[in-house]
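Here the protein sequences come in this chain order: A and B. In terms of the UniProt record's numbering, the first sequence opens at residue 1 and continues consecutively. In terms of the UniProt record's numbering, the second sequence opens at residue 1 and continues consecutively.
If you're looking for bench data, these hints aren't it; they were derived computationally from the structure. Here the structure is a predicted model, which is why all the values come from computation and not from measurement. It is possible that part of the hints are untrue.
What the hints assert, rightly or not - What follows is a set of in silico ranges between Cβ atoms, one per label pair, in the way DEER data are often shown:
hint: 1; chain 1: B; residue 1: Lys189; chain 2: A; residue 2: Gly100; range: 22 to 30 Å
hint: 2; chain 1: A; residue 1: Gly37; chain 2: B; residue 2: Arg158; range: 34 to 42 Å
hint: 3; chain 1: A; residue 1: Lys18; chain 2: B; residue 2: Lys189; range: 39 to 47 Å
hint: 4; chain 1: B; residue 1: Ser215; chain 2: A; residue 2: Glu44; range: 41 to 49 Å
hint: 5; chain 1: B; residue 1: Ser324; chain 2: A; residue 2: Ser17; range: 34 to 42 Å
hint: 6; chain 1: B; residue 1: Leu231; chain 2: A; residue 2: Val43; range: 23 to 31 Å
hint: 7; chain 1: B; residue 1: Asp171; chain 2: A; residue 2: Glu44; range: 25 to 33 Å
hint: 8; chain 1: B; residue 1: Asn307; chain 2: A; residue 2: Asp64; range: 57 to 65 Å
By construction, the Cβ of each residue, glycine as well, lies at the ideal position given by its N, Cα and C atoms.
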Amino acid sequence: MSDEEHHFESKADAGASKTYPQQAGTIRKNGYIVIKGRPCKVVEVSTSKTGKHGHAKCHFVAIDIFTAKKLEDIVPSSHNCDVPHVNRTDYQLIDISEDGFVSLLTDSGDTKDDLRLPTDENLLKQIKDGFADGKDLVVSVMSAMGEEQICALKDIGPK
Amino acid sequence: MDEIGLKAAHSAVFKDSDSLEGICTRIEGYDFNQGVNYSGLLKSMLSTGFQASNLGEAIEIVNNMINWRLSDETIAENGSEKENDPTYIESVRTKVFLGFTSNLISSGIRETVRYLTEHRMVDVIVTTTGGIEEDLIKCLSPTYKGDFSLPGAELRSRGLNRIGNLLVPNDNYCRFEDWIIPILDQMLKEQLEENVLWTPSKLIARLGREINNDSSYLYWAFKASLLAFVLVSNKIPVFCPGLTDGSLGDMLYFHSFRSPGLIIDLVQDVRAMNSEAVLASPRRTGMIILGGGLPKHHICNANMMRNGADYAVYINTAQEYDGSDSGARPDEAVSWGKIRDSARTVKVHCDATIAFPLLVAETFASGSKKFSA
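Work out the full structure, taking the sequences as your base and the hints as a guide.
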């Protein structure tokens with residue numbers, strides 16, 4: 001019936017692309033790049049000029065923003081690379097569940113419960129200890145290409 | 001001076017000599033009074049002396065190599081039926097190994113090599129990586145004549161690469177990259193989906209097929225391998241064990257970042273190359289090697305596996321005083337068993353761009369030779 005013909009994506013980010021193309025030669029250190037499908041932060045760029053090896057090329061060394069793994073790529077500098085849209089949003093920490101999920105308060109007053117605790121040991125300890133101490137914590141959540149992870153913590157309570 | 005001293009001096013200078021008449025060739029050069037007869041001019045080299053004589057000898061040796069047939073040998077009485085079949089033994093020729101360095105393919109010697117492969121006059125080719133890519137690149141964009149003295153820094157700023165007195169614009173390599181990367185992608189696909197295990201010689205044959213241009217010797221070498229199934233004629237494998245050492249290697253390197261996983265097996269190729277020598281019998285083997293380095297040694301080494309080649313012609317400018325293999329004369333190879341001590345050999349100390357076309361003119365191309373199919 002007619003319902004089946006018009007089936008729209010219900011997710012809020014429908015239509016918004018997760019990456020955008022950018023010429024390899026314009027991507028700089030501390031920028032972002034997609035390598036092997038992973039969103040990464042560039043730590044090193046070196047360019048080799050056009051020569052016997054063909055077109056001028058950019059050699060990128062980058063760190064996966066979620067797994068911290070080092071990845072490399074070499075791309076002709078005139079080619080387009082995918083650059084991930086990386087967003088950072090702050091949420092207030094409400095609760096930590098027993099099975100490792102966190103409960104966060106969004107700006108609109110809703111709760112966001114689908115995020116896990118971070119795997120980074122330092123950050124994990126800080127969150128758990130801070131929460132156990134009853135502090136008012138705000139977490140920064142980095143999101144890119146459909147993945148999200150807590151990347152930083154702030155104590156906004158009174159000193 | 002007193003009489004005795006004068007007589008002593010006289011006998012020292014005018015020492016009696018052995019007669020060479022009838023034993024050694026008289027030295028006599030070309031007489032231009034007979035006009036400019038190029039064939040006569042080349043034939044006169046044998047009696048001109050120094051490297052001209054060496055070239056003359058090389059021409060003789062190559063002609064012997066080309067003209068030899070198994071029917072020239074006395075067959076053992078208890079030989080197999082095949083060995084006693086006159087049609088068969090008259091068809092068995094010398095297996096010719098041709099080796100050359102990359103710079104020669106950058107030069108116009110490429111056209112001579114193309115002629116030899118087009119007419120299937122050689123059986124096995126060994127070269128370095130530039131010998132592969134320069135042939136392919138010339139189909140996409142030409143190489144130009146420059147000068148040895150052009151300043152490097154200025155050439156770099158103008159995007160020109162110098163090979164001796166030749167110039168190759170960077171753009172040529174960019175075109176090569178654009179041409180070859182999709183082919184490497186396809187080859188990777190075939191490796192993963194059809195379990196193809198690539199070797200340098202298989203990759204080269206594929207590139208010869210893809211370039212599909214009759215100015216390329218690799219194209220003709222590939223065609224020969226196709227025709228070998230239909231005619232009773234030779235395939236022409238092209239071996240390049242040092243495949244990564246050139247622009248082609250750069251392309252493999254870059255390709256491995258974008259689409260990793262392409263495997264190129266050297267072991268299969270060393271089997272194939274050595275088998276060309278080992279399994280050549282009852283054919284004789286001959287080596288024509290232009291330049292030194294990897295092609296020279298690789299061919300000699302393979303022939304060692306059959307206790308030595310029967311003919312060897314080296315054309316290069318290297319010297320032996322530093323002990324290099326490039327500069328080693330054929331006699332050094334005899335000590336290794338790479339050339340038989342009964343073999344006919346010569347080294348022509350000359351730049352191959354001069355000597356090789358002249359050699360081919362008086363041998364392979366001279367039209368009076370017995371070539372099958």
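Each hint tested on the structure:
no.: 1; hint: B:Lys189 to A:Gly100: 22 to 30 Å; in the structure: violated, 42 Å
no.: 2; hint: A:Gly37 to B:Arg158: 34 to 42 Å; in the structure: holds, 40 Å
no.: 3; hint: A:Lys18 to B:Lys189: 39 to 47 Å; in the structure: violated, 27 Å
no.: 4; hint: B:Ser215 to A:Glu44: 41 to 49 Å; in the structure: holds, 43 Å
no.: 5; hint: B:Ser324 to A:Ser17: 34 to 42 Å; in the structure: violated, 60 Å
no.: 6; hint: B:Leu231 to A:Val43: 23 to 31 Å; in the structure: violated, 59 Å
no.: 7; hint: B:Asp171 to A:Glu44: 25 to 33 Å; in the structure: holds, 28 Å
no.: 8; hint: B:Asn307 to A:Asp64: 57 to 65 Å; in the structure: holds, 58 Å
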